[in-house]
Amino acid sequence: MGCSDRRNRMSRFLLTQVAVAMVVGPLVATWSPQAAHAQDMEFNVEETGQPPAPPAEGPPSEALANALRLYQQERYQEAAVQFQRVVEGETQDAAANVQKAQFFLGKCLYHLRYYQSALAIFDEIGQMGAGHLYFDQTLQWLAQLASQLPDPAGIIEKVGRYGVEQLDQFNTGETADLYNELLFIMGRFKYDQQEFQEANELFGRVATDSEYYVKAKFFEGISHIRMRTARPAIASFRAIVDAIEEGDVEGIEDEERMDNLAWISLARVYYTAANRTGEDGERAIDGQILGQAVEAWNSVDQGSEYWLDALFESSWAFFLADEFSRALGNVHTIFSPYFEDSYYPEAIVLKSVTFFVNCQFDNALSMIGKFHEMYDPVRQELEAKLAQFEDNTQFFEFLEKVRSGEADLSANIRGVVATALSDRTLLRNIEYVRVLEAEEARLGEAPAELQNSSLGARILQDVAVAKSFAVDQTGDLARARYNRLIDELADLTNQVDTVELEIVTAQRGQLDQELQQQMTAAQRTGGGDVEVDEEHQLWPFDGEYWRDELGFYRQQVTNQCGR
1 MGCSDRRNRM SRFLLTQVAV AMVVGPLVAT WSPQAAHAQD MEFNVEETGQ
51 PPAPPAEGPP SEALANALRL YQQERYQEAA VQFQRVVEGE TQDAAANVQK
101 AQFFLGKCLY HLRYYQSALA IFDEIGQMGA GHLYFDQTLQ WLAQLASQLP
151 DPAGIIEKVG RYGVEQLDQF NTGETADLYN ELLFIMGRFK YDQQEFQEAN
201 ELFGRVATDS EYYVKAKFFE GISHIRMRTA RPAIASFRAI VDAIEEGDVE
251 GIEDEERMDN LAWISLARVY YTAANRTGED GERAIDGQIL GQAVEAWNSV
301 DQGSEYWLDA LFESSWAFFL ADEFSRALGN VHTIFSPYFE DSYYPEAIVL
351 KSVTFFVNCQ FDNALSMIGK FHEMYDPVRQ ELEAKLAQFE DNTQFFEFLE
401 KVRSGEADLS ANIRGVVATA LSDRTLLRNI EYVRVLEAEE ARLGEAPAEL
451 QNSSLGARIL QDVAVAKSFA VDQTGDLARA RYNRLIDELA DLTNQVDTVE
501 LEIVTAQRGQ LDQELQQQMT AAQRTGGGDV EVDEEHQLWP FDGEYWRDEL
551 GFYRQQVTNQ CGR
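Position one of the sequence shown corresponds to residue 1 (this note's numbering), numbered consecutively onward.
Keep in mind that the hints were calculated from the coordinates and are not lab data. Each hint should be verified, as a subset may be incorrect.
Below are the EDC-like pairs computed for lysine to aspartate or glutamate, each with C-alpha atoms no more than 20 angstroms apart in a straight line [claimed, not checked]:
#  : residue 1 : residue 2
1  : Lys385    : Asp476
2  : Lys215    : Asp280
3  : Lys215    : Asp151
4  : Lys215    : Asp242
5  : Lys467    : Asp497
6  : Lys385    : Glu406
7  : Lys401    : Asp391
8  : Lys401    : Asp472
9  : Lys467    : Glu449
10 : Lys215    : Glu201
11 : Lys370    : Asp341
12 : Lys370    : Asp497
13 : Lys401    : Glu390
14 : Lys467    : Glu124
Treat the numbers as computed from the prediction; the structure is a model and nothing was measured.
Using the sequences and the accompanying hints, generate a full structural model.
Spelled out as structure tokens, the structure:
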């Protein structure tokens with residue numbers, strides 16, 4: 001596909017933006033600059049005031065001995081109340097015994113399903129590092145909490161306090177599952193710190209039969225993308241597809257979703273790799289790799305949440321290949337009544353660019369007018385609604401109303417906002433708030449002995465503080481998603497305005513010779529023709545969509561350049 005002479009300077013700019021957005025997109029986890037800064041801070045024993053060695057244990061107080069006995073009897077609530085007395089210093093136990101009570105208090109809270117308070121206890125132990133007698137043992141309980149609390153709880157960062165070598169204590173046949181989980185969590189920590197090579201070393205050690213294998217391979221692939229190494233990224237995503245197809249791994253969470261996510265990730269890597277810039281600075285398209293991208297997009301199941309994304313993204317690949325009828329056919333599917341709530345304003349940009357490079361200037365201008373008609377009011381409404389919220393807490397309340405369908409939004413933006421505020425990272429933050437509310441409610445139903453104790457007050461405080469931060473963080477994240485929605489619309493508006501400027505220039509006959517050659521090159525390829533083979537039939541579209549034809553529509557595009 002002699003592509004270097006097909007693209008005009010305007011479409012090259014647009015496609016560069018698309019390629020970058022596809023690769024990074026929503027797949028990349030958020031990096032915390034605060035966490036990165038904290039990692040750089042190192043203190044010695046004298047600076048922290050930690051003793052060089054744990055104090056002698058000494059005999060336990062009656063309260064501690066009783067608490068340990070209650071723990072062995074699995075009477076966790078009664079035991080926890082007594083352990084809290086020791087931790088508060090009420091029993092005058094030696095420091096080592098206080099540390100022991102603290103560790104067992106965390107375990108009691110875990111068994112009682114007060115996970116946030118348990119995490120707060122284990123976090124306190126982790127902050128002391130080797131100065132705490134139970135620092136090493138706490139690592140196992142952090143891993144168990146990771147299966148009970150969503151990512152926003154910050155467990156990954158807390159596991160990151162440990163050295164990689166400390167994971168080896170769990171590399172045994174009896175604790176293999178825990179070992180693989182910790183490898184994955186530690187890899188996530190390294191990934192969040194942008195230490196991608198170190199992260200991939202950990203991901204690569206996850207056993208192929210572990211339930212964490214597929215997740216590890218996915219983050220391994222994304223790490224390679226961040227390092228701009230396409231071949232290893234492709235190998236990682238291929239490993240996910242192979243593992244799921246062969247059925248060698250049990251316990252994969254949301255297996256079908258992970259399979260489709262691997263396919264669309266493969267397609268994005270292939271698409272980016274197919275767009276090459278030569279030593280002369282000119283962009284060239286590798287047709288074979290571009291074909292592999294289309295094949296990967298076609299492997300995404302139609303019932304998947306990623307199918308419409310795959311359909312639209314493949315439209316750009318067809319555009320690059322001058323397969324204009326297939327590009328516009330996909331757009332035709334996206335705007336079918338079956339997907340009334342879908343939001344793809346960029347599809348109209350693609351249509352306008354396609355008509356432009358085929359010198360159908362009237363149709364291109366029509367698409368530009370349609371874009372402004374559809375999305376200028378949307379952008380204005382979005383900006384007006386955003387101005388109503390003063391802080392993150394108010395925006396969180398707005399988010400909850402959007403999720404419940406109770407938000408005061410016009411039909412013009414209701415679906416757009418709901419789509420923008422429904423990505424998985426945001427949903428995990430909402431889930432964390434729900435978990436904290438559930439713990440709050442559980443304490444309200446607990447016996448009076450617990451509610452009125454100092455332990456009850458501590459649980460209430462732990463949950464309240466965590467909930468306050470979680471609401472603020474979720475509101476901030478949702479506001480960022482909302483702002484990104486506005487910014488993307490502004491960028492697309494600039495793109496269609498650029499197309500309009502090029503059309504006006506073309507109509508005045510002022511295009512330079514290079515641009516004229518690029519626009520007429522498509523005429524020689526015949527990419528706008530609809531061809532029928534022995535496996536297909538031609539059915540003219542009469543205004544009625546058929547579900548089994550979705551994804552197979554074609555739109556005839558006649559090249560009018562040079563006429």
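Q: Mind listing which of the numbered hints don't hold for this structure, in increasing order?
A: Hints 2, 5, 9 not satisfied by this model.
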